[in-house]
Amino acid sequence: MNFTGRHILSIDQLSRGDIDTIFSVADSMEPYAHRKKVTKVLDGAILGNMFFEPSTRTRVSFGSAFNLLGGEVRETTGVENSAIAKGESLYDTARVLSGYSDVIVMRHPQSGSVAEFAEASRVPVLNGGDGDNEHPSQALLDLYTIRKELDTKGRSLDDFRIALIGDLKYGRTVHSLCKLLGLYQRVKVVLVSPNELAMPDSYIDALRHSGHEVVETDELEPAIAGVDIAYSTRLQEERFASAEEAKLYRGRYRLNQAIYTKYCEPNTVIMHPLPRDSRSGANELDNDLNENPNLAIFRQTDNGVLVRMALFALVLDVVGQVDRESRPVNWYTGSRFQ
Amino acid sequence: MNFTGRHILSIDQLSRGDIDTIFSVADSMEPYAHRKKVTKVLDGAILGNMFFEPSTRTRVSFGSAFNLLGGEVRETTGVENSAIAKGESLYDTARVLSGYSDVIVMRHPQSGSVAEFAEASRVPVLNGGDGDNEHPSQALLDLYTIRKELDTKGRSLDDFRIALIGDLKYGRTVHSLCKLLGLYQRVKVVLVSPNELAMPDSYIDALRHSGHEVVETDELEPAIAGVDIAYSTRLQEERFASAEEAKLYRGRYRLNQAIYTKYCEPNTVIMHPLPRDSRSGANELDNDLNENPNLAIFRQTDNGVLVRMALFALVLDVVGQVDRESRPVNWYTGSRFQ
Amino acid sequence: MNFTGRHILSIDQLSRGDIDTIFSVADSMEPYAHRKKVTKVLDGAILGNMFFEPSTRTRVSFGSAFNLLGGEVRETTGVENSAIAKGESLYDTARVLSGYSDVIVMRHPQSGSVAEFAEASRVPVLNGGDGDNEHPSQALLDLYTIRKELDTKGRSLDDFRIALIGDLKYGRTVHSLCKLLGLYQRVKVVLVSPNELAMPDSYIDALRHSGHEVVETDELEPAIAGVDIAYSTRLQEERFASAEEAKLYRGRYRLNQAIYTKYCEPNTVIMHPLPRDSRSGANELDNDLNENPNLAIFRQTDNGVLVRMALFALVLDVVGQVDRESRPVNWYTGSRFQ
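Residue numbers (this note's numbering), protein chains in the order written: chain A, 1 to 338; chain B, 1001 to 1338; chain C, 2001 to 2338.
Hint data in this document are derived by calculation from the structure and do not stem from the laboratory.
Just so it is clear, the structure is predicted and the values come from calculations on it, not from any experiment.
The hints are all genuine.
Now the in silico label distances, taken between C-beta atoms and shown as ranges:
#1 C/D2317 with B/D1317: 32 to 38 Å
#2 C/L2248 with A/P194: 57 to 63 Å
#3 C/E2291 with B/R1239: 35 to 41 Å
#4 C/A2085 with A/P194: 21 to 27 Å
With a straight-line Cα cutoff of 25 Å, these simulated DMTMM-like cross-link-like pairs (lysine to aspartate or glutamate) come out:
#5 C/K2188 with C/E2265
#6 B/K1086 with C/E2196
#7 B/K1036 with B/E1325
#8 B/K1148 with B/D1323
#9 A/K40 with B/E1325
#10 A/K37 with C/D2317
#11 C/K2040 with A/E30
#12 B/K1040 with A/E325
#13 B/K1036 with C/D2043
#14 A/K37 with C/D2323
#15 C/K2037 with B/D1317
#16 B/K1040 with A/D317
#17 B/K1148 with B/E1030
#18 C/K2188 with C/E2216
#19 A/K169 with A/D201
#20 B/K1040 with A/D323
#21 B/K1086 with B/E1119
#22 B/K1040 with A/D43
#23 B/K1179 with B/D1027
#24 A/K148 with A/D159
#25 A/K179 with A/E116
#26 C/K2086 with A/E238
Glycine included, each C-beta is placed from N, C-alpha and C at the ideal position.
The task is simple: from the sequences and hints, build the whole structure.
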């Protein structure tokens, strides 16, 4: 599709070609995000970073991505819904706020609200997460990371094996990831969860319909034995009927260095949508994995900046100008990106 | 007056000539606000956007206006009054904060607080709303919108008819508007409200003293029949003794397309200070008016950016330099401004 | 030490030579902070201004300092610890957030947390205050102000007299100041406090060990008679067992113009870490001192911007480039700095 001026609300909008485009633009953003070069391509542009629900990391990631392109950020952090409390419709909020910026990222607790907002907005809207519904930039950064990690091992999205581990019933990120996998070929998907938290059938059916091999199990160790990617998730405790019920599953699957060494292939990549729950009762990914070079969880968040830069550059149609407006970085940057 | 370095605290400071100046500068800001051109005239300047009471849209509007002139924005959003809670005076707060920026916008829940703050500030202060007292940029954007809308119909602020509708007792914006109308000639003002929420006599007397014709009524339909502007307002529910009392008046005046078609002249302009209450019990301006080209409520908020840019440019004395520091916009902007 | 890429977590890291370096860079920042010149040396750089505890003035001061160097600021204001609430470790938070910016200022309520965070951060971290532990930029701005004030009187940090007044038991700023004084020679320190709120012995011993003269008293008037600097502090009410206990000491030492005139030498400098408690029950420094040119409390906060600019310029290694990237200010600035 032509991205110029478009809203990005759902991964369902995106074809395999669209994703190729996003990823190729994301690749080209690396010198800027990794502080080799500075670009001013969006100098003078304004992002409305509208978070009607708090989310520090997603908010800051989008804001930094826009700054890295040279633009300014105005934002709200979810604590002051005065107009909405006074009975204002999302339509009005969108009409007003879209007069204040060139592009809007919106996060909102209600499923469907961002699409409704976008309908009335006069500028492109990127969905920053609307409740249980969609969080497309997260899904894209996961897939982008998988592609990049596979690439270093000489493999590709069209032929690999992944285990999805944990709360597969409520986890929005694994649902989106399954949808995206449907665009590729020859993927083996191992689903590891307690029976009660299994991946909903619709996602499994779709995977199989795409020709993928799907295995379901409730045991971690054998499942991670033959995969390229082990994707662990957090228990969505807030989604359970009671704290007691959530506790039944807390800490069920714990990956640490000893298990990794014993069961995994040497270069199995470890991923997680973050935040990982590091409290002793949960501890999905043990801290003793922190020095394991295959732990890709912080490469995921780093990649999030690249993907968000790409989305901004595409919808605002400046991809071709990025390098023209660039110069070398003149301050200390260390060597913080791997 | 000479705006350079001045505080803008109240519309009472402004003569008709001053308002002409502000509006003419606001007109010249249109290419920048409407994203035809970028200016860097305030590149390096800092706005202290100090909202000690939440107000998303006013805060973002001021911040975007400053960004559109090329400046940076530091801000606070009303949630962290730690110093004030520890017994700090407004004098101290002003002395400290005015060392951090070149101009300050302040909003504060207490009437008179912004003037007290400005007294001690070492940089120009713009009143962003101090309780029931003043919100001068809102009053100016209303008047600016009226002028612009009349202009497209070949009329002017010196000869027109306006209906003010709703809670005229507590509505700060209609009070300010009445004061400003006193600077012009031959205005017919139709006041539509329940008896108990009538416009205070002092404002009516002042209008009549300026030679304006004032009509009071409690019925909507005949009142809007012969006006150029129908200015509807929200019931200030928070100002009533009880929620019950407020309910008596909620939804009393509702303008929709059917009533508009039946009673109004063809091009009657519809205004509202926003937020409009779109809940079924209130519904001051029905959503079926959204496609009516005479609904000017979002042009009002767009105009707010122009007026705020003008105030910044005037008090920081850069009006003559804006165009010198400009270049064309290089990203997608669509055609979002009417 | 070589500041490039270093974390600034504690004043204990700094030698006398390091402090000389910081102060000399701070001096060179004055034309920029005082709005004579604009520099773009950090154009394109991003500060992560991470306040996990609210502190308007420290947050805005750091943010403005970074803007004054030409950089952008992304920030959080302490209200949305969602990831931490979900069990995320400081290690993970640091690894993630340090992918979003070039330098981080962190404030956090827990003592030691900022050092733990810095350990995992991939970019330099400046401590913006971690509970009762450290607030190094505050200590540095105090010492910088003393040096500057003494300089106008032809004296220096190596030979002067200072009274520290008030809650010397809990006041973090006076503890840090005592430590820093140990780096200099021939300082006379007069400690004025109720017995129960006396300076802890370890600080007194260290001062004496450095060869300084230390006098302890519980009376204000004689103590301020022979000093160059009278440094007053706020009672740390939140640190007492009960509000009742705090009340016993509230308002014990009050300096006003009459007492100043009667007891102080003509040019005794008055300082305070701010906020000063101006409520009638406390009133540590009376408002009738506001016109006294020796009241240096707002010069302290102004100096804070200079010191913070210096820290950023040093850790990001751009000190030598600041002037190269500069131009004159083109907007109204008045004469707000003394």
